[in-house]
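Starting from the given sequences, assemble the full structure and let the hints guide the process.
There are 2 protein chains.
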Amino acid sequence: MKINDNFYMKLAIDEAWKYQLLTYPNPAVGCVIVKDGKILAIEAHTEAGLPHAEINALKTAFLTQDSNSILKIKNSSHEIHDFLVKNHNNFFNDCEVYTTLEPCNHEGKTPSCAKLLALLKPKRVIIGSLDINKIASGGINTLMENGILVTLDILQKECDNLLLPFKSWQNKTCIFFKMAQTLNGMIDGKISSQRAKLYVHTLRDKIDLLLVGGNTVRIDKPILDTRYVKGKEPDIFIYSKNKVFPQTIPLFSIPNRKVIISDDLFKILDYKFVMVEGVYNLLDTLKDKIDFIILIVSPKIREGINTSKSLDIDFEILHENYLGDEKIIFLKRKIAK
Amino acid sequence: MKINDNFYMKLAIDEAWKYQLLTYPNPAVGCVIVKDGKILAIEAHTEAGLPHAEINALKTAFLTQDSNSILKIKNSSHEIHDFLVKNHNNFFNDCEVYTTLEPCNHEGKTPSCAKLLALLKPKRVIIGSLDINKIASGGINTLMENGILVTLDILQKECDNLLLPFKSWQNKTCIFFKMAQTLNGMIDGKISSQRAKLYVHTLRDKIDLLLVGGNTVRIDKPILDTRYVKGKEPDIFIYSKNKVFPQTIPLFSIPNRKVIISDDLFKILDYKFVMVEGVYNLLDTLKDKIDFIILIVSPKIREGINTSKSLDIDFEILHENYLGDEKIIFLKRKIAK
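Those protein sequence lines, which keep their order, are chains A and B.
Take the first sequence: its letter number 50 is residue 76 in my numbering, and every next letter is one higher.
Take the second sequence: its letter number 245 is residue 271 in my numbering, and every next letter is one higher.
Careful, some of the hints might be misleading.
When chains are identical, the list treats them as one kind, so a pair holds in a single copy or across two.
[Said to hold, decoys possible] Pairs of lysine to aspartate or glutamate, EDC-like flavour, derived with a Cα cap of 20 Å:
#, residue 1, residue 2
1, Lys28, Glu73
2, Lys204, Asp62
3, Lys183, Glu352
4, Lys298, Asp234
5, Lys353, Asp338
If you're looking for bench data, these hints aren't it; they were derived computationally from the structure.
Listed below in structure tokens is the structure:
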């Protein structure tokens with residue numbers, strides 16, 4: 027295997043995918059720092075409000091020379107930024123910084139990553155995707171104006187894939203479909219592990235709106251809350267022509283939650299980040315509206331219910347992670363050329 | 027992400043899986059060389075008769091200091107071995123060598139890797155699995171007797187998983203099941219890409235015997251050859267109670283091939299490396315006999331035929347690779363505890 031820019035960028039991409047969607051409304055970004063050929067840090071942005079990927083990686087890299095440095099207990103972007111500006115002592119001058127997204131140029135909740143890099147003067151910054159956020163962009167110019175060598179177009183397609191959810195919620199309402207199945211596509215019965223359920227509750231905590239089919243609500247009588255992670259409860263959209271549901275179904279009892287019962291999907295455009303929890307029928311109905319699919323696959327073969335409608339969809343696999351023994355696959359519809 | 031022994035060993039494991047089964051009758055082995063923290067080589071054993079993983083990695087690592095070295099054109103184990111013994115100039119003294127399997131101690135078709143390492147004197151050798159082959163084992167002792175620091179038990183379970191096919195064909199007949207399906211478990215129609223077919227022909231070239239169901243032979247009238255890779259043609263076992271098949275079916279016309287028609291599976295024990303190509307019915311029949319499953323998954327949803335029998339199998343995912351846009355998943359039956 028070749029050990030080159032692609033190799034290091036792939037490590038950054040894989041790290042970023044671990045926090046995909048969980049960084050909402052920020053993009054998922056990964057960063058790898060290599061000093062004279064030695065990998066010092068493989069980090070990612072993990073949650074909005076916490077440091078960007080580059081800041082996490084710069085901190086981890088700097089700590090490799092002194093793991094007891096006071097930097098260890100500095101956790102906010104501003105603290106890390108200030109510490110590194112004062113104490114870098116040219117540590118980063120022979121470093122190469124791989125980042126899946128152009129470093130931000132904007133002083134927002136966190137200091138500008140591009141301006142920090144310009145001060146720390148690494149030998150080279152290698153960038154996957156260009157920043158499409160007009161407010162934050164300009165990072166490449168800042169780096170180049172400060173004499174830092176910049177390499178572009180490294181695994182750009184893979185880095186762009188990483189940004190797909192972000193691009194979607196930046197521009198419009200991001201709608202994704204979550205489905206769980208066995209290895210052979212069965213969707214009924216108890217499929218998911220406790221760990222997969224925890225992940226779904228983590229997603230529910232991030233979204234604004236959860237869309238489910240009317241039949242599911244009638245049959246399963248779900249709560250659709252975030253009790254495993256004690257998160258915020260998303261509003262619910264029950265997609266149904268028949269508007270009458272018994273108010274005894276637990277999802278209606280969650281405080282501070284709006285429940286919409288409608289067959290007019292236009293109403294979901296009031297929200298920015300929507301998860302659909304459903305199976306094949308709902309997927310067939312919504313397949314032209316969704317941006318991507320999260321498929322949780324339990325590695326077992328079971329007899330059961332599979333697709334009954336005449337579904338015919340081709341996908342591109344964007345990425346895959348593991349949830350313990352189960353898999354999570356991020357899929358995008360493949361558009362016929 | 028922590029950059030530690032596990033991190034480097036995982037790189038070696040992933041590289042080795044790319045050649046899983048293709049190294050038959052040798053084990054799949056990966057090797058990573060790190061010099062003062064810098065990754066110099068990520069290599070694997072790729073095919074029986076070609077150099078072991080360690081030799082490939084030592085060659086790649088040595089070439090990083092002079093890519094025009096005459097070593098570049100030395101391809102046999104003996105040539106590389108002799109070159110490195112004469113020219114190493116202590117290059118490896120500050121290297122760490124990660125290998126998924128204990129280096130062989132035996133002078134066979136190739137020189138002993140453990141003895142070569144003992145001469146090159148790397149700082150440390152990190153080993154995943156212990157060698158179960160009695161002839162080749164003893165590598166750890168050779169290293170330690172020569173004052174090389176040895177670290178054991180790094181990702182041993184993952185390294186042992188890598189050896190599962192090897193352990194099986196070492197001790198008895200290795201039988202694996204190959205199946206192709208869509209994302210939702212449909213098995214009929216045109217599923218696999220040309221690249222997946224090429225992979226299946228590469229597997230057929232390695233095995234001794236190909237087992238198929240009688241119905242498949244009657245309906246599909248297959249050739250079951252290796253024409254895409256111009257390989258050797260495996261013998262065929264048609265699993266069928268009814269022994270009468272028209273000799274016009276193309277598989278009967280392949281020269282130098284024995285075709286067995288039987289419902290007595292005991293006969294396959296005359297072979298060492300057996301692939302079963304089939305779908306759910308045959309899987310149900312053979313599920314207690316097979317060592318692992320190779321599932322080729324095409325990322326599309328289709329209506330079609332799925333499991334009809336009452337299959338109920340839990341799996342552990344051993345590893346996954348990509349074949350272009352398709353996936354190949356290595357599965358092992360999970361034994362209930």
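Comparing the hints with the structure gives:
no., hint, in the structure
1, Lys28 with Glu73, "between (32 Å within a copy, 19 Å between copies)"
2, Lys204 with Asp62, "neither (43 Å within a copy, 45 Å between copies)"
3, Lys183 with Glu352, "between (27 Å within a copy, 18 Å between copies)"
4, Lys298 with Asp234, "within (7 Å within a copy, 57 Å between copies)"
5, Lys353 with Asp338, "between (23 Å within a copy, 19 Å between copies)"
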